[in-house]
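2 protein chains.
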Amino acid sequence: MSILGQPLGVQLMAEVWECDPEKLNNLKTVEEIMVGAARKANAEIREVVFHRFEPQGVSGVVVISESHLTIHTWPELAYAAVDIFTCGEHVDPWIALENITQEFNAEEINVMEITRGMKNLKRLRKNKQ
Amino acid sequence: MSILGQPLGVQLMAEVWECDPEKLNNLKTVEEIMVGAARKANAEIREVVFHRFEPQGVSGVVVISESHLTIHTWPELAYAAVDIFTCGEHVDPWIALENITQEFNAEEINVMEITRGMKNLKRLRKNKQ
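Chains A and B, in that order, are what the protein sequence lines are.
Numbering-wise (this note's numbering), the first sequence opens with residue 116 and increments by one.
Numbering-wise (this note's numbering), the second sequence opens with residue 116 and increments by one.
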């Protein structure tokens, strides 16, 4: 094993711009897109919670066995903040994100990929004691 | 307004280590801590979803009007991955995080603070057309 060890999970933080505002503002559409993306990424869905705000915007979470997908939309700015946090080898967060951005007709995306739970050398040594 | 504009939200990504493993493994405790932290940060709670995994670990989400709090715990590593995403001026994500780390008796924390939804100059100009 390398000094850096292995992460427990990976998180995509996506700034999704220039989306279809009508889709971003429709609770059912947003939920279907997020749940569909989780399925396509091979995640096991545990809980689905979505909420529509007045006058606009949708927030939602898909809790999966492998962590979560979240979305918050600002239809008036054609923007969605999307996070996809996955653990394990059998789920690919990029497939979920690809699907989400396609479904919202996004024209501009910025993504950061961040590892979570890096068990570094100090901690590995400690655990071996 | 500056060239960079204003973000729509702020997200804390916290790597929380050396927590009390028993607390991390107790569904009710984790839920109470996360909901309590949301309240103390002055958030308006919309939905609360927590799930316990076998043989260990808890995942949970608190959907708030101002976005969300999430947690995934690995009791066997004394580790929790915590995200706190808030919008608006009246909720302070740092108060929530402070509370969460205290309640889990965390001894080591790494946090990144990330702005979400930066409306940059190009976009502001476009919207004015």
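Take these hints with a grain of salt, some might be off.
To be verified - Residues of chain A clear of chain B, computed beta-carbon distances all greater than 10 Å:
| # | residue |
| --- | --- |
| 1 | E130 |
| 2 | L142 |
| 3 | N157 |
| 4 | P170 |
| 5 | S182 |
| 6 | D198 |
| 7 | E218 |
| 8 | N220 |
| 9 | I224 |
As the list claims (entries may be wrong) - Computed list of lysine to any residue pairs in SDA-like fashion (alpha-carbon distance at most 25 Å, straight line):
| # | chain 1 | residue 1 | chain 2 | residue 2 |
| --- | --- | --- | --- | --- |
| 10 | B | K143 | A | E218 |
| 11 | B | K138 | B | E218 |
| 12 | A | K138 | B | Q171 |
| 13 | B | K138 | A | G124 |
| 14 | B | K143 | A | R161 |
| 15 | A | K155 | B | S180 |
| 16 | A | K143 | B | K138 |
| 17 | A | K143 | B | G232 |
| 18 | A | K138 | B | R167 |
| 19 | B | K143 | A | K143 |
| 20 | B | K143 | A | K155 |
| 21 | B | K138 | A | L123 |
| 22 | A | K155 | B | H166 |
| 23 | A | K143 | B | N214 |
| 24 | B | K143 | A | E159 |
| 25 | A | K143 | B | E133 |
| 26 | A | K138 | B | H166 |
| 27 | B | K155 | B | G120 |
| 28 | A | K143 | B | W209 |
| 29 | A | K155 | B | E159 |
| 30 | B | K143 | B | E133 |
| 31 | A | K138 | B | L123 |
| 32 | B | K138 | A | E162 |
| 33 | B | K138 | A | R161 |
| 34 | B | K143 | B | R167 |
| 35 | B | K143 | A | K138 |
| 36 | A | K138 | B | E218 |
| 37 | B | K138 | B | G232 |
| 38 | A | K138 | B | M233 |
| 39 | B | K155 | A | H166 |
| 40 | B | K138 | B | L192 |
Calculated directly from the structure, the hints in this document are not laboratory data.
Keep in mind the model is a prediction, meaning the values are calculated, not measured.
Don't be surprised by glycine CBs; every beta carbon is placed ideally from N, CA and C.
Hints that the structure is at odds with (numbers, increasing): 1, 5, 6, 10, 12, 15, 16, 18, 19, 20, 23, 25, 26, 27, 28, 29, 35, 36, 37
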